[in-house]
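Construct the entire structure; sequences and hints are all you get.
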Amino acid sequence: MKILQASRMERCTGCYSCSLACARIVYKSLSWKRAGIHIRSSGGISTGFEAKVCLGCNPAPCASVCPTEALRQRPGGGVFFKEKRCIHCGECAQACPVGAIYFDPIRKTPVLCLHCGQCVSYCPHECLEMVDASKEGKDAQ
Amino acid sequence: MPSSFKVIVVDLSRNLSSLEYFDTRDQWLGGSGLAAGLFRHFGLLREGPFHPDQPLIFAIGPLTGYFPLMSKTVLGFMSPYTSQYAESHAGGRSALALKFAGYDALVIKGRAEKPVCLGLGSQEIHIQDAHFLQGMDIYKTGKQLRNLNPRNPGHRSILRIGPAGENLVGYACINVDTYRHFGRLGGGAAMGGKNLKGIILSGDSHLDLDPDMTKQYNRVYNEIYSTVLQSGAMRKYHDLGTAENLIPLNELKALPWRNMQSTHDPDVQAVSGEKFAQDYLLRQVACAGCPVGCIHIGLLRERFGQEHEFLYRQVSYDYEPIFGMGTMLGIKSVPEVLTLLEDVDRLGLDAISAGGALAWATEALDKWIITREQTLVRLEFGDLQAYRAGLEHIARKSNAFYQALAQGALIAAEKYGGEDFACVLGQEMAGYATGENYFVSQALGFRHSHLDTGAYGYDQQENSRNIQGAIDYMQEQESYRVLMSSMSGCLFGRKAYPWENILRALSSLGYNYDQKSLQETVENIKCLRWALKFETGFQPEEVKIPSRFLETETWKGRLDPDYLRQLRSEYQEVLKKMAASYREEPREE
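The listed protein sequences correspond, in order, to chains B and L.
Going by numbering that gives the first Met the number 0, 13 is the number at position 14 of the first sequence; the sequence numbering is gapless.
Going by numbering that gives the first Met the number 0, 323 is the number at position 324 of the second sequence; the sequence numbering is gapless.
Just to be clear, a hint being listed does not mean it is correct.
Here are some of the chain B residues that sit facing chain L, going by a computed Cβ distance under 7 angstroms [to be verified]: (1) G13; (2) S16; (3) V25; (4) S28; (5) R84; (6) I86.
Below, a list of computed lysine-lysine pairs in the DSS-like style, where the Cα atoms sit at most 30 angstroms apart [as the list claims (entries may be wrong)]: (7) B:K27 with L:K575; (8) B:K1 with L:K214; (9) L:K113 with B:K27; (10) B:K83 with L:K5.
The set of hints was computed from the structure by calculation and includes no laboratory data.
We treat Cβ as the ideally placed atom computed from N, Cα and C, and that holds for glycine.
What follows is the structure in structure tokens.
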């Protein structure tokens, strides 16, 4: 399975179209926060933009700490999320080493990238792409 | 959809805030209409711009955040430049931050005892001590404000003023997120008068989309988004940006040079959009929620030591600032224009008015109307260092002469002489010496801006000396622009948002307007804005059109002063009628 990678963030103009698309399409919200990909500048716009998004860990620390298997390892990296199984403990957000899980204080559920790729086509500068992580790993070896 | 506007009212004098709801969505729409409606409610129409309770109103629209290019915030305020009701627009992240903070508008009244920074989020309001930022420039202030509350990096908008705003310069701007501005008519001084050094807007909350509307909303969103990206309609704004206008306007003999002593210069290539892009463009950035990315950042490399020691600065540029700090001052080098733009930004001045003011002072000095003792520096067209010093003197009001100049070129000219060559039409002119229609439009325009009616476009049509044709054009343009500004949309999005697309976008969110009712509402907002401007002192007969404008030569040859006078006298009657026909509807709160 492919995973989302923010491969060319040097090109990012900070339009937030990806983030807003995720909120709109995946999380049915209008929000900067309720999105699986967060865009931020690091110390002002003059420093450029970075994407805070699931790196597709395998094994994923967030899935390992989930007490109810609401988060489960996804082949190729990242996790699946089953909301019905979630007991709203927030452990997953604590466990993510790169802070890519936003724990929604209203819905009490994790907001994270599901690697669905919906955001990719909204980026006007091809900063984002879907890649086959396992293949990429093999090539690198 | 929410039926009432949710407005947070912050009183700096009492250190108290209140939430107020206005059930006036049908009358005010949002953005420009909302700001005007709120000013009618909160504004002190017979008091000056620095009365402590005169409100500063930041308003967004019903499409903000929901659709691309709906990325502007409208500021409604009593202008320290004109002492009349005024509007100024800015992008950056301000609009989405206010939306996600959960408010349709922020109203700030009162005056803090000492400099403060207002921090606003969905569940927090901080009126924070900022005395340590007093006198600090825009860039340093921005860096310091990032350490204040609310802390929500990446999802905040940081507004601030520089020394010019603190010193109540009539054309001090409010800087938004470093590269955007509430530029014109002195919003920065209005903030300075409140001892309000900065505002942090934190977009930390969420809105659930209505499940019944999601399908339709996503469809309309995608259609508009692909119009923006795939049609190429807005590509020029990303490519060279507005700076692409330098060469064409120069060729038309419509680009003011050296205080508009000329409208053409053979050296335009030296400061053209092409030159900026090829040699100095570092990158483009975008306002939040807009995929266009029209903000052009130039790279200014500066040697600061004997050895190979360099620093670099990132300076935003656009057509109007290049005109203000470039052609109007006879500056013909990109690094020099960028240097002045950096200074003007750092001090928190409006680049267009500051350029117009210094250009007038340069000519006045050359004509011995004012003296070197008054200007403190030998102002000369093309002299970078002189203008760098001049900008500091304006921002700091260094002496009586600069105190007058800090109110505008025409105020200084009324005091010292030289009114005939003050390039002022309500405020310092924007960079369009296209002809009579534009000059009348800026002189009498609601914002005294090229954006009021886009009349420079009519000047470029055939048979453009046609009174009724010009008035119809300006009226139609103004109506559309009032609509777009009431949505808080960017005017660069005009091609993606014809009336029918705005109707579809509104409908996809559950707002049920038809074309006729929307048009009537827009006409009423237009009249409301004019009514406010007249009630706060606007007298179109009093607006001066200095003779420099009548002597202008464009590609069409000499201007026709008779046509200009006739257009002016008929247009001012149209404006009076609009102001008089405003119908106040019963208001519920």
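Contradicted hints - numbers only: 3, 5, 6, 7, 9, 10
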